[in-house]
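Place chain P with the ligands on chain G using the hints.
Here the protein sequences line up with chains G and P, keeping their order. Using my numbering, you'd call the opening residue of the first sequence number 43 and step up by one each time. Using my numbering, you'd call the opening residue of the second sequence number 98 and step up by one each time.
Mixed in with the good hints, there may be bad ones.
Partial selection, computed: residues in chain G whose CB lies under 7 Å from chain P [claimed, not checked]: (1) A235; (2) T237; (3) S256; (4) G257; (5) G315.
What the hints contain is simulated information worked out from the structure, not anything from laboratory work. C-beta atoms are modelled at their ideal positions from N, C-alpha and C, and glycine is treated no differently.
The primary structure of each chain is shown beneath.
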Amino acid sequence: MTTETRAATSAQPSRLLSALRTQEGVLFLVLVVIVIVLSLLSDRFLTVNNLLNQTRLFTETALLALPMTLIIISGGIDLSVGSMLAWSAVMLGFSWQLLGLPLPLAVVVCLLTGAIGGAINGALIAYVRVPPLIATLATLAIYRGFSFGISQARSARGFPEEFAFWGQGQVGPFPTQFLILVVLIVAMHLLLARTGFGRWVYAIGNNELAARYSGIPVERVKFTLYTLSGLMAGLAAFIFTSRVTTTRADAATGLELDVIAAVVLGGTSIFGGSGSIIGTMLGLVIITLLRNGLLLTGVKGDATFMVIGLVLIAAVLINNLVRRR
Amino acid sequence: MAPPIIELREISKSFPGVQALDRVSFEVREGEVHALLGENGAGKSTLIKILTGAHQPDSGTILLRGQPITIPDTRHGLKLGIAAIYQELSLYPDLSVAENIFMGHQPSNRFGVVSWRQMQQRARAILHELDADDLDVSRPVRGLSVGNQQRVEIAKALSHDARILIMDEPTAALTQHDVDRLFEIVRRLRARGVAIIYITHRLEEVFLLADRVTVLRDGRVVGETMHVSQTNQAELVRMMVGRTLDTFFPKDAAEPGEVVLEARNLSYGRTTRNVSFVLRRGEIVGLAGLVGAGRSELAQVLFGITPAESGEIRVEGKPVRIRNPREAMALGIAYVPEDRKLQGLLLRMNVRENTTLAVLRQLLRYGFVDDAAEMRLTQEYVDRLQIRTPSQMQQVANLSGGNQQKVVLAKWLAAKPKVLILDEPTRGIDVGAKAEIHRLMNTLAQQGMAILMISSELPEVLGMSDRVLVMRQGTIVAEFDRAHATQEAVIAAAMGADALHTTPAASTTLT
Ligand SMILES: Nc1ncnc2c1ncn2[C@@H]1O[C@H](COP(=O)(O)OP(=O)(O)OP(=O)(O)O)[C@@H](O)[C@H]1O
Ligand SMILES: [Mg+2]
Chain G
43 MTTETRAATS AQPSRLLSAL RTQEGVLFLV LVVIVIVLSL LSDRFLTVNN
93 LLNQTRLFTE TALLALPMTL IIISGGIDLS VGSMLAWSAV MLGFSWQLLG
143 LPLPLAVVVC LLTGAIGGAI NGALIAYVRV PPLIATLATL AIYRGFSFGI
193 SQARSARGFP EEFAFWGQGQ VGPFPTQFLI LVVLIVAMHL LLARTGFGRW
243 VYAIGNNELA ARYSGIPVER VKFTLYTLSG LMAGLAAFIF TSRVTTTRAD
293 AATGLELDVI AAVVLGGTSI FGGSGSIIGT MLGLVIITLL RNGLLLTGVK
343 GDATFMVIGL VLIAAVLINN LVRRR
Chain P
98 MAPPIIELRE ISKSFPGVQA LDRVSFEVRE GEVHALLGEN GAGKSTLIKI
148 LTGAHQPDSG TILLRGQPIT IPDTRHGLKL GIAAIYQELS LYPDLSVAEN
198 IFMGHQPSNR FGVVSWRQMQ QRARAILHEL DADDLDVSRP VRGLSVGNQQ
248 RVEIAKALSH DARILIMDEP TAALTQHDVD RLFEIVRRLR ARGVAIIYIT
298 HRLEEVFLLA DRVTVLRDGR VVGETMHVSQ TNQAELVRMM VGRTLDTFFP
348 KDAAEPGEVV LEARNLSYGR TTRNVSFVLR RGEIVGLAGL VGAGRSELAQ
398 VLFGITPAES GEIRVEGKPV RIRNPREAMA LGIAYVPEDR KLQGLLLRMN
448 VRENTTLAVL RQLLRYGFVD DAAEMRLTQE YVDRLQIRTP SQMQQVANLS
498 GGNQQKVVLA KWLAAKPKVL ILDEPTRGID VGAKAEIHRL MNTLAQQGMA
548 ILMISSELPE VLGMSDRVLV MRQGTIVAEF DRAHATQEAV IAAAMGADAL
598 HTTPAASTTL T
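Extracted from the complex, chain G is given alone in its bound form (with noise of 0.2 Å):
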């Protein structure tokens, strides 16, 4: 009893050095510098406009990092992200103009692509037992097999006005997906840091054998997660085709690797047990930020992905020695 109000009023004074002790703190801090430093370099950057050309761009890979943070905090990983985008969007392009299939309709056969496509990599690992990394990677070639046969490397273009809506859009002043993607975020967040289901994703990061053994679902809850990972890419996909206007096989090839960067940097352990929401829009927002204000800065495009690379390892550091005082 007494150690306990000992370390209530010793708490009190530290709240805001403790807060920004957490990585989310770090990497707002992070964040601020590198808004100002863009801005000083470049006055196109710091523009309302630009700033919400910028969420177009970004909120695909949003969408595929909030399924992705809660799979690497379970202890897993899925590469095959970009693969279930492209495949996805392949098939709504081909069961709209080929099989004629109404535009709507189209749209649930790319939302169900991506959840079978999830479904199958969720079955491999929780049931099957494949290692995530040895499955999703299988997987990675496998859908993109698929986009590429499936299209057979044809284009589907020639979308009505309408569809454009989705991809670009706006609501009031907003682009239609980024207020898509706000509403994801936060029931993410609310799903991964107030729900049991969430509590069961940490439990099993942490000690699976421990979860099991406490009677959680592991097969299930993995399950879940990959197959949530599938209809997120599935849902990037529409966003994406409406974006772009074109259905492409070789879609976001490569695109996994920015979805795991924002989630590391955003503090989610590679290992499982730890991570946020938060935490993962922050890391994504850094590189987004980092790539456009580079880009307007006149830096050449290889070159932004070193700075980006630094900036990962920057983060990492900063936090550890924060960490550790």
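Frame of chain G; chain P with the ligands shown alone:
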């Protein structure tokens, strides 16, 4: 008497919210065994971590042979001849015995190439000194008994030429036979002039082994260091917990009710063979046997971790299938596992998340965790089991060993099971808390819970059980009611009649 080889003066150490050590002074001499006692969370492990260099003190001085020193890290500590065998063993399971012994300082030639032959020779020589010639130095550590792993740990310490050897609850997980061997080794080292700090919760060991004893409470030294001849168990208990305490098992006679759990011819692999028994409401049944007799394995069959391959389980008369822990829990069965780190805890999650893990479903409102209810439930068990933690939000990894064990207990008590299976429930728990847990088991049984208790401490089994089942080679070989469960009878059954004739030391070989 010899001067102190190492001395701590006014050492303080605090962690966020916890004053783990408060101006502690302490010394050890060459050729003595110095026992360090205290409740769970009293600061014992913290003290030795300061000695080994794993933690840095906030203030105070450390003197080695009279010279003030600092020990920046454990490597440095080893160089100074200070080695520790921690509460949890830390060997690399896939490396050989010799490699483990020389981990980090392999004998090598001048090109830095490890000399395997020399390493094995030296490993063998060290083990010979420990009278452990039976250990094959080239086999991997995986699969060694806990007792043998510990001998490897001791050999590892000696390979550094340790002059100060610290042992943190070395006997917690040992069989009686291994305990006897360990004592032999400790006495041998003492005779060679090694200074030994010995931490334990088993007070009788203090009088068997130690020369002097120091008691810690809430991070402070209680009274002063004493010779063991000047004190007795009751006094030590009073110093540890700050009041007199009846440590005798308080088991009341129970009126067993109807059968809750019945096993008929359960089998799994070679470890569980044709096991049949019943468990009634309100009774505590002890499960005795040697290590390897298949007691934990039986528990895992009952809990659905390794579902029975044949046989039948009935719960309240109805035949049931238990294919995983979830199904077992739905039937009202709970299992407190043997290995808290591996099977019990989410070390990097907090006390609250660990306590409520098994009952989380009951704390959900529309899928969301009801914070207030969760906090209330946790507080109930923190209070009831006297879990010492600065707050519910403390990471379990930062709790002392005994308090971690209590968190595992809390998790399963919160599930309010009909059948509670306890596998070494009081391992690493201090005398006061142990009596508290026994009292709690008693109350739970009075309220109608059926308890199956696996324990390697025979006095605990005999003291707490209404009935004792004895296992040998995967099957139940004997059953005694409370009146007939004597030490001799249980040991004879556990060893098998033949073994009794051939092993003179039978009474000490039971786990
Ligand atoms: N790394 C840490 N961070 C925060 N608190 C800690 C840390 N290590 C220990 N403590 C706290 O310091 C106190 C003393 O712990 P310590 O491990 O020394 O106890 P102990 O006497 O060894 O207990 P036990 O008999 O249960 O092993 C406890 O309250 C514990 O929670
Ligand atoms: Mg300890």
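Each hint, compared with the structure:
no. : hint : verdict
1   : A235 : violated, 9 Å
2   : T237 : holds, 5 Å
3   : S256 : holds, 5 Å
4   : G257 : holds, 4 Å
5   : G315 : holds, 5 Å
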